[in-house]
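Novice: Next come the chains, spelled out residue by residue.
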Amino acid sequence: MAKKYGMIHDNNLCIGCQACNVACRSENQIPESVYRLQVWVKQEEYPNGGLGYEYHRQSCVQCENTPCVSVCPTHASYKNEDGIVLIDNDLCVGCLYCVAACPYQARYVHPVTKAPDKCTFCHESRLARGEEPACVTVCPTDALIFGDLNDPKSKINKALSERVTYRQKESLGTQPKMFIVPNHKGGIRS
Amino acid sequence: MAYFQARRDFLKLATKSATATVLIPGSLGALGEVALRGEDKFVRSICEMCSSRCPMEARVINGKTVLLQGNAFAKEMGTSLCAKGVAGSSQLYDSQRLVSPLIRVGKRGENRWREASFEEALNLVSTKLSALKERYGARSVIFSSKTGEHYDLLRSFASAFGSPNVFSHWSSCPIAIESAFHHTFGEKLHRDFENATYILNFGHNLFEGLDISLTKAMAHFCANPSKKLVVLDPRFSIIAAKADEWHSIKPGSDLAFVLALLHVWIRDGKFDHTFVEQYTIGFDALVDAVKETTPQWQQTRTGIDASVVERIAAELYAATPRCIIDWGHKATTTQAEFQRSRAILIANILMGNVEKEGGIYLTKSAKRVNALAKESIVPELNDPFPRLQINEPRIDGAGEEGAYCFVSKQHGVLTAIPEAILSQKPYEIKGWFLTRHNPLITVADPQKMKEAMEQLEFIVVNDIYLSDTAMMADVILPECTYLERDEGISTLTCKVPTYAMRNKIVAPLHENKSAIEIIRALAERMGYGSHYAWKNSSELRAFQAKGNAELLQTLLLRGVASFDVPFFCARESSLVERFCERYPKSRAWVDAQGCFGHLLTHLKTPSGKIEIYCDAVEKIFKGYGVPRSVDMDVSQGLPYVLTSGKSAVHTNGHTQNVPYLSRLLSSNPIWMHPSTAKAHGLKMGDTFYLQNAIAKEKATVFITEGIRPDTLFAYMGFGRDAPSLARTHGKGTNVSKFLSLASAPICGAMITNVGVNIIKA
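So the sequences go chain by chain: S and Y.
First residue of the first sequence? That's 149 in our numbering, and the numbers climb one at a time after it.
First residue of the second sequence? That's 4 in our numbering, and the numbers climb one at a time after it.
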């Protein structure tokens, strides 16, 4: 059966340390002016007057219903058999519709290839070798869980059955395969 | 295809490109396209991007890419590694690294150099050092290094040379807690975060100063709703944000809070009486010392409500023994640092968590485990770094009669160096050999330190970057990065005996040499070759391992070696029983309670027991034998206290110029509360001056609710004067410039909180 890869970002475990960011850059040789993945640590003030930090993973959320693929006039953007959204550089004409269509601002123009680029779950570099994406591998606090959503016994399905999750901009109907465990340690009052 | 490429070129988005500035052609930069000479395989080693020394592994693919990750053979690591660790490859290929020995041609500190061969540079260093020794005596040369193998090498070399003046980085980092442990337990203990249920934390920020195994354990602790973390920190740090409670304590007043906790427990009789009775001495002196330190008393000092102390005291007691009062690593807050650290340790002792699961525990070293088992279950190592006894006084008086009598001669007091050089007291200092040590960034009052360095005849620096301190050198010896060198075996033991070894991952990209090669070559040239039982890293390892080929092979292949010894806490009878089942001869040690209680009554303290009261300290420093309310002022009459700490992506002074990391955090705007900013008419990003008696420095402001109005905070390691560190040069503020050379009594720790004024630019 085809795989359907997904990921969980657990905000309770994430500490915003950027190990994932650097691992992604290192593994995928991302030029310094752009990024596939960052974690934005944002200070929040909660309604109770308390403080907290939120850890936003800024990267492709691997939609099931993909605006970037829908708008691509040349089929350069596509979803592979494992549900990973990829770009075929040879077909890309650089219209950048996909960059504009992505509701998650996940795409950038690669300064060398000049084609759009984004997180691929390390499809080209690691998945083929049976390894997890680099961000998941190095995460110091085990805040990222990766796996096959079609496999009922996978680590990710087990975690999804135990933890409350949400997805970014769910109302758009894009059905991201990036699940977020909300931070329950918010609203600390000094 | 060409069309598509052309069209993409046409449509390309403007991207910001960073250019690497090459200041000294040939010696810095000019790396070009250097292909990696490794193979497609994993090599396991030890990280060196900070001092935590996490086991890591590197993958070399197609001769080009290096991905660094944690070494899963170290169970507590998994494949985890922090941003600094993963960025090791970025440092390896950095075009701003030192790639050739440099010899000064301009005035000292002028940053004008000529390239030299290693042959010439080492000859010059050996000639100059020997000349200084002949003319002024060996004691006229200082040797300093951060701890680790560099330090072991340098200390050994210094003793062969004949100088007593060896300094580690300790006095600018963990010396207070190390000293507190020494006087209380005779050795350092560790924390069992995994099994604890309640942790009281005084700014030990494992989420910004990462040590993977501890950080991971703490993250899982925080994410577990059945456990409780309370953080006391003037700043809303990442760990404060992960806590169940955060109290923004006044900087420098941790001691008052702990004294109040001790007061409450003793007042109510709520502590582990049996443990205190059986394993400690000097409890009565403590009772007397904390009579007046009520929760009400601490309220005016800490800014924390008295009722909070009462509640936390009760909660901790209810959680005993699975509770930890966490001491942190480097949190040198005030002159009272020794007392603060001791008070924290004694709070743990009163909770009876020593050698209990979820509490604190002694290192289960090879020697200790073998002695318990009455058989050799874990190989013990030879010390490959011989040290001769030097019978000369040190320039800082460490370990000798006087203010620093309790400071170890092995580590010394760095802040005493400038005065000793400038005053030529107790004697003349003429040379300084620094290896991987950057005191102009990491030690207090670098202005004065620089002035002192200018007086010296000869300075040699071993580093991988042309740092602020290297700029002051006569000779710079460029070391390989850790990815390019082999080292000896190091001990990582906490819960069970564990060894690790730094293995070369790629051949050196340039002519750089390792510290082992540099020091050994100097020793040979200066006639100290016979001091060592080895000539190179392979011989060093073999000597260290006592020829144990199996151990060496494991360390070569796996990077770490552990020995399937079951973990035990000496006071957990079930764990003691498990150990005895495995090693039956150890039953001889088991006491009536089914424990290895003798471990806690045969400590290396004068009494052999845990010392709540230290007679030796009290005799020389009256009032310091037990924790008392002393020396807690940090503001020195100025309106604000400037505090500092780590970010998750940088160390205190080494990583700021590493390409990947520099991009993540390239400056250190000063954290300031909105009300403070408003009072001084400052808006986000504005420039202003920080000023105190010894410095006035430009800074920018970062306005946040996450700091007390009377406190300011900066990440360490910025404000670099070295132009060769082109990415970080001139960015941010060097907070060390505000720090005083006055150190904390007894332990000699540098104090990193300091009073400042805000002056509008």
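To be clear, the hints were calculated from the coordinates, so they are not data collected in a lab.
Treat the hints with caution; some may be incorrect.
[As the list claims (entries may be wrong)] Computed list of chain Y residues with no C-beta within reach of chain S, every gap over 12 Å:
#1 N114
#2 E211
#3 D214
#4 P228
#5 S240
#6 E360
#7 N394
#8 K498
#9 P662
#10 S670
#11 H683
#12 A764
[To be verified] Okay, the calculated bits of chain Y under chain S, using three or more residues with CB under 8 Å as the criterion:
#13 69-80
#14 85-95
#15 245-259
#16 373-380
#17 705-712
[To be verified] Result set (DSBU-like, lysine-lysine): computed pairs, CA atoms no more than 35 Å apart in a straight line:
#18 Y:K78 to Y:K110
#19 Y:K686 to Y:K191
#20 S:K190 to Y:K607
#21 S:K301 to Y:K498
#22 Y:K612 to Y:K588
#23 S:K317 to Y:K44
#24 Y:K110 to Y:K136
#25 Y:K428 to Y:K453
#26 S:K333 to S:K151
#27 Y:K78 to Y:K294
#28 Y:K607 to Y:K294
#29 Y:K428 to S:K152
#30 S:K303 to Y:K78
#31 Y:K273 to Y:K294
#32 Y:K428 to Y:K377
#33 Y:K78 to Y:K451
#34 S:K306 to Y:K44
#35 S:K190 to Y:K412
#36 Y:K412 to Y:K607
#37 Y:K588 to Y:K607
#38 Y:K612 to S:K190
#39 Y:K588 to S:K333
#40 S:K306 to Y:K498
We put the beta carbon where it would ideally sit given N, CA and C, even for glycine.
Novice: Against the structure shown, which of the earlier numbered hints fail to hold, in ascending order?
Specialist: 2, 3, 4, 5, 9, 16, 18, 19, 20, 23, 27, 29, 32, 33, 35, 38 and 39
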